[in-house]
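Peer 1: So you can see what is in the structure, the chains are spelled out below.
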Amino acid sequence: MATASISVSETPLVLYLLRRADDALILGHRLSEWCGHAPALEEDMALANMGLDLLGQARELYSYAAKVEGKGNDEDKFAYLRDVRQYRNLLLLEQPNGDFARTMLRQFFYSAFADLYWRAMMKSGDATLAAIAAKSEKESAYHLRHSSEWVVRLGDGTEESHRRAQTAIDDLWALTGEMFEADDSERSLIASGIAVDPATLRSRWLAMISDVVGEATLALPKSDWMQQGGRSGRHSEHLGHLLSELQSMQRTFPGATW
Amino acid sequence: MYTQALNTSDAEDRHVEDADRAAQFQVRIDAEDRIEPNDWMPAAYRKTLTRQISQHAHSEIVGMLPEGNWITRAPSLRRKAALLAKVQDECGHGLYLYAAAETLGASREELVDLMLAGKAKYSSIFNYPTLTWADIGVIGWLVDGAAIMNQIPLCRCSYGPYARAMIRVCKEESFHQRQGFEIMLTLARGSEEQKAMAQNALDRWWWPVLMMFGPPDKASQHSDNSTKWKIKRFSNDELRQKFVDATVPQAQFLGLTIPDPGMTQNEAGNWQYSTIDWNEFNAVLAGNGPCNRDRLAARRKAHEEGAWVREAALAYAAKRRNRQAAA
Numbered sequence: 001m002a003t004a005s006i007s008v009s010e011t012p013l014v015l016y017l018l019r020r021a022d023d024a025l026i027l028g029h030r031l032s033e034w035c036g037h038a039p040a041l042e043e044d045m046a047l048a049n050m051g052l053d054l055l056g057q058a059r060e061l062y063s064y065a066a067k068v069e070g071k072g073n074d075e076d077k078f079a080y081l082r083d084v085r086q087y088r089n090l091l092l093l094e095q096p097n098g099d100f101a102r103t104m105l106r107q108f109f110y111s112a113f114a115d116l117y118w119r120a121m122m123k124s125g126d127a128t129l130a131a132i133a134a135k136s137e138k139e140s141a142y143h144l145r146h147s148s149e150w151v152v153r154l155g156d157g158t159e160e161s162h163r164r165a166q167t168a169i170d171d172l173w174a175l176t177g178e179m180f181e182a183d184d185s186e187r188s189l190i191a192s193g194i195a196v197d198p199a200t201l202r203s204r205w206l207a208m209i210s211d212v213v214g215e216a217t218l219a220l221p222k223s224d225w226m227q228q229g230g231r232s233g234r235h236s237e238h239l240g241h242l243l244s245e246l247q248s249m250q251r252t253f254p255g256a257t258w
Numbered sequence: 259m260y261t262q263a264l265n266t267s268d269a270e271d272r273h274v275e276d277a278d279r280a281a282q283f284q285v286r287i288d289a290e291d292r293i294e295p296n297d298w299m300p301a302a303y304r305k306t307l308t309r310q311i312s313q314h315a316h317s318e319i320v321g322m323l324p325e326g327n328w329i330t331r332a333p334s335l336r337r338k339a340a341l342l343a344k345v346q347d348e349c350g351h352g353l354y355l356y357a358a359a360e361t362l363g364a365s366r367e368e369l370v371d372l373m374l375a376g377k378a379k380y381s382s383i384f385n386y387p388t389l390t391w392a393d394i395g396v397i398g399w400l401v402d403g404a405a406i407m408n409q410i411p412l413c414r415c416s417y418g419p420y421a422r423a424m425i426r427v428c429k430e431e432s433f434h435q436r437q438g439f440e441i442m443l444t445l446a447r448g449s450e451e452q453k454a455m456a457q458n459a460l461d462r463w464w465w466p467v468l469m470m471f472g473p474p475d476k477a478s479q480h481s482d483n484s485t486k487w488k489i490k491r492f493s494n495d496e497l498r499q500k501f502v503d504a505t506v507p508q509a510q511f512l513g514l515t516i517p518d519p520g521m522t523q524n525e526a527g528n529w530q531y532s533t534i535d536w537n538e539f540n541a542v543l544a545g546n547g548p549c550n551r552d553r554l555a556a557r558r559k560a561h562e563e564g565a566w567v568r569e570a571a572l573a574y575a576a577k578r579r580n581r582q583a584a585a
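So the sequences go chain by chain: A and B. Residues 1 to 258 in my numbering are what the first sequence spells out, letter by letter. Residues 259 to 585 in my numbering are what the second sequence spells out, letter by letter.
Bear in mind the hints are in silico, worked out from the structure with no lab data behind them. One or more hints might be untrue.
[Stated by the list, open to error] Computed list of lysine-lysine pairs in DSSO-like fashion (alpha-carbon distance at most 30 Å, straight line):
{"no.": "1", "chain 1": "B", "residue 1": "Lys377", "chain 2": "B", "residue 2": "Lys476"}
{"no.": "2", "chain 1": "B", "residue 1": "Lys305", "chain 2": "B", "residue 2": "Lys377"}
{"no.": "3", "chain 1": "A", "residue 1": "Lys123", "chain 2": "A", "residue 2": "Lys138"}
{"no.": "4", "chain 1": "A", "residue 1": "Lys77", "chain 2": "B", "residue 2": "Lys453"}
{"no.": "5", "chain 1": "B", "residue 1": "Lys305", "chain 2": "B", "residue 2": "Lys577"}
{"no.": "6", "chain 1": "B", "residue 1": "Lys429", "chain 2": "A", "residue 2": "Lys135"}
{"no.": "7", "chain 1": "A", "residue 1": "Lys138", "chain 2": "B", "residue 2": "Lys429"}
{"no.": "8", "chain 1": "B", "residue 1": "Lys486", "chain 2": "B", "residue 2": "Lys305"}
{"no.": "9", "chain 1": "A", "residue 1": "Lys222", "chain 2": "B", "residue 2": "Lys577"}
{"no.": "10", "chain 1": "B", "residue 1": "Lys500", "chain 2": "B", "residue 2": "Lys429"}
{"no.": "11", "chain 1": "A", "residue 1": "Lys123", "chain 2": "A", "residue 2": "Lys135"}
{"no.": "12", "chain 1": "B", "residue 1": "Lys379", "chain 2": "B", "residue 2": "Lys486"}
Just need the whole structure built from these sequences, with the hints factored in.
Peer 2: Printed below as a string of structure tokens:
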């Protein structure tokens, strides 16, 4: 017997919180897949560190979503008992780790955004969100520094590392646009000063990543086609596999306490 | 990893070994002095410690694999974060221990290469599979519990860097041990399925855990010198007995049965366990445990697939140095 998925009352604030929590959980889960298999012990430590930061962010955001929703859900129900169409994370973050270059470029594109985003969110009219933002900003600043340094090392390292880093940029680029989108639900929160408009961060993000990519002797693609769907539950094929692993215990042993 | 200057160790001990120095060294040991990296030490002392510390480091790193097997499937977010943090701690222990071994003149790369070539050992316990979530509880409770029994006396080891590393490692290990026990307690208070899962994990891990203390005293190769040099303070059998005596009441508290029907308590209160199957121990040690091949293959894969990353880091550092020199 499998446990049925929960239903969620996606009011604008609940939906907003789940989107950010799912981002953090899914990327944190991907990073945790590296544990024990990284290119150097120092990177095992660093990837686990970033994964732990993101898991911590996810837990705070889920718990707050549970409180706002007030329907008896909790962090574990949100994480373990929603199916793939109920997940609201960015497509970028569910992408498989691939090689180390792909993992670092994914981290770099996201952290550069998250750092700007959480810094702006520290002024949110919602005090709980402002507090989560203050903590998350410190963490994403470190994630950005760590991943930027690797982008430069890989881009300006050997021929092979340059080729791998450029391939990662080319493959992931179309998934970066979604970070700056907001739908009607989110626009209502932006209007009331609870959320910030991510579109206003795009030029600063582009300037930041262009600097690093330039120093790394790499290039950003010319194409401006951007893929979307994660925020509304239309995911890549990768997420279902991630969730079947993540949720296997809760789905196999319904209602058990661990 | 990125340090090239430490890539070779002294093939020969530069110090002349004379009887006077050896005698003075033993006087220091007997007076409970700490030996530090720049102090004179007998070549055999250096060799013994390099072997022991590096095996310990390899065990921490290979030990990440069986528990890492459950990070992506941990049953709650709290457990997931705790397990990821725990496995990360083990990586930290490995790094710390390689650094302690480097103070004896062996480089991390050299030591890791020996392990990947199958020429250096790591703790046999990590050649057993983690089949269910309960295995994560048992590993914390018993494997880390046994490790603590072994390592607490090492906090007083005669070699300073190793002793100091052990103090820090033991603090984290006892936290892991309590975490493991708490996982077991949750299972023991759970559904029938969860209780059965806990009992099954104990059944599978009990005997391999007793083997962690090494061969019986009458068969141990290294103990004599290690005892004389105060690297080892208690014999394998003494530590094993301490562990069993501490663990039996914990198992009783959990309502679990130790898979040794012949176990009895003697008048002194010690729990006397049945004969350990040393054939199994020797088979696992010889490479024929259930996961030996998988563990080495995983470490080799990480090492080989990471080679281009490490090369890129070195190449970039060299370019940067050259640019700075030219500027």
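Peer 1: Enumerate the violated hints, using their earlier numbering and listing them in ascending order.
Peer 2: The structure breaks only hint 5.
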